[in-house]
Amino acid sequence: AQSVTQLDSQVPVFEEAPVELRCNYSSSVSVYLFWYVQYPNQGLQLLLKYLSGSTLVKGINGFEAEFNKSQTSFHLRKPSVHISDTAEYFCAVVNDYKLSFGAGTTVTVRA
Amino acid sequence: GAVVSQHPSWVICKSGTSVKIECRSLDFQATTMFWYRQFPKQSLMLMATSNEGSKATYEQGVEKDKFLINHASLTLSTLTVTSAHPEDSSFYICSASVDRVGEQYFGPGTRLTVT
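Going down the list, the sequences are from chains Z and R.
Numbering follows my numbering, in which position 64 of the first sequence is assigned residue number 1111; successive positions increment by one, without gaps.
Numbering follows my numbering, in which position 44 of the second sequence is assigned residue number 1101; successive positions increment by one, without gaps.
Hints listed in this document are in silico derivations from the structure and should not be mistaken for laboratory results.
Certain hints may be false.
[What the hints assert, rightly or not] If you want the footprint, here are the derived chain Z segments under chain R, 3+ residues with CB under 8 Å: (1) 1085 to 1093; (2) 1135 to 1146.
[Unchecked claim] Below, in silico cross-link-like pairs of lysine-lysine (DSSO-like), each with a Cα-Cα straight-line distance of 30 Å or less: (3) R:Lys1121 / Z:Lys1145; (4) R:Lys1098 / R:Lys1071; (5) Z:Lys1145 / R:Lys1112; (6) Z:Lys1145 / R:Lys1077; (7) R:Lys1098 / Z:Lys1105.
Model, not experiment: these values are computed from the prediction.
Cβ atoms here follow ideal geometry from the backbone N, Cα and C, with glycine treated the same way.
Excised from the complex, chain R in its bound form (with noise of 0.2 Å):
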């Protein structure tokens, strides 16, 4: 029990463009959903938390308007990368909880390339 998929699991697109990708909970009611950015050799950053319908919370020096954040079900939430560029290169992971101080199941990570 308690997965988590991401689609795709790798993407390329160019610079200026968007991308989107899918945080999914398989088996289970995520009313929290959570999105880290890891860059190589290093450990995982908190973009953002989503919660079921409504807007999502940013960390700290996170552009909202460039990573775009929806939570439209209790088993999706979708993070959007506008206007993509190199530095936005790194790889995205979701986790899934549910409830808001509940364990948190991590989706198998997304490695986006901007080129």
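Bound-form chain Z, shown alone (with noise of 0.2 Å):
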């Protein structure tokens, strides 16, 4: 079964810092990839998906990701956090048509 590994519980950050969450996934023949956020008491929302094609993905709020199947990692980057981007990130995988989700990171963004 397909699952992934988000590297990082915690990440502290300055308003207007660049940010990378990593999330490594296990290796397999096709890979369907997420990153998800979630603020609090609210339910999830897509910020960028990869199926094929570019290994370069654009998201929204100006998320992105690259899929690096050598190094089986999809790891989300921002080059400048808002104080609105504190929430939980998870990384997901497709297995089987279910998400696997990892098991999340919390960006925490201070003035």
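Once you've looked at the hints, go ahead and assemble the two chains, each given alone in its own frame, into the complex.
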């Protein structure tokens, strides 16, 4: 079964600084990867997804991720964060049509 | 487009009672709906998958008699927590998909507190 590992449980960052959230997946023939954001007491919002094609994926709110097959990674990046980016971020992989989520990374943006 | 709603957003019930949570796809027909449970500061755990008109498929360790799922139409799935206990207190999130392998659209979640 495919799975993902989020390498950082908490990432504190200052406003306007860049941020990278790391995600590694277990190797497989075909991989569909997602990054979701969850604000407190809310559901999940899709940031971006990789299904095929270009390995650099651009999403909403200025986020992007790069699919790296050789390193089995799908790290999420944003060049300049805002206070409003404070949230929980989940990496996920499709596993037999079901989504398997990583443990999540808490991003806290400070002024 | 692709909006999923949940009702209620927040519910408190007494131990031993049952609670029903609704999940609706507002602007599309969802042949497949998923129910997740999330404990504080933890990730989402898939409880079950339901397809319209058929019985739900439960994940290992999830009690099907305790968490009753009904997917009666292409826009509505319900989760009923029967004989609720304090340990059932959690955040329940549903998602909907146009087909079995398609992208999932998530609802805003329901906070259940059992006293």
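Discussion item. Hint compliance check: list the failing hint numbers for this structure, sorted ascending.
Written reply: none
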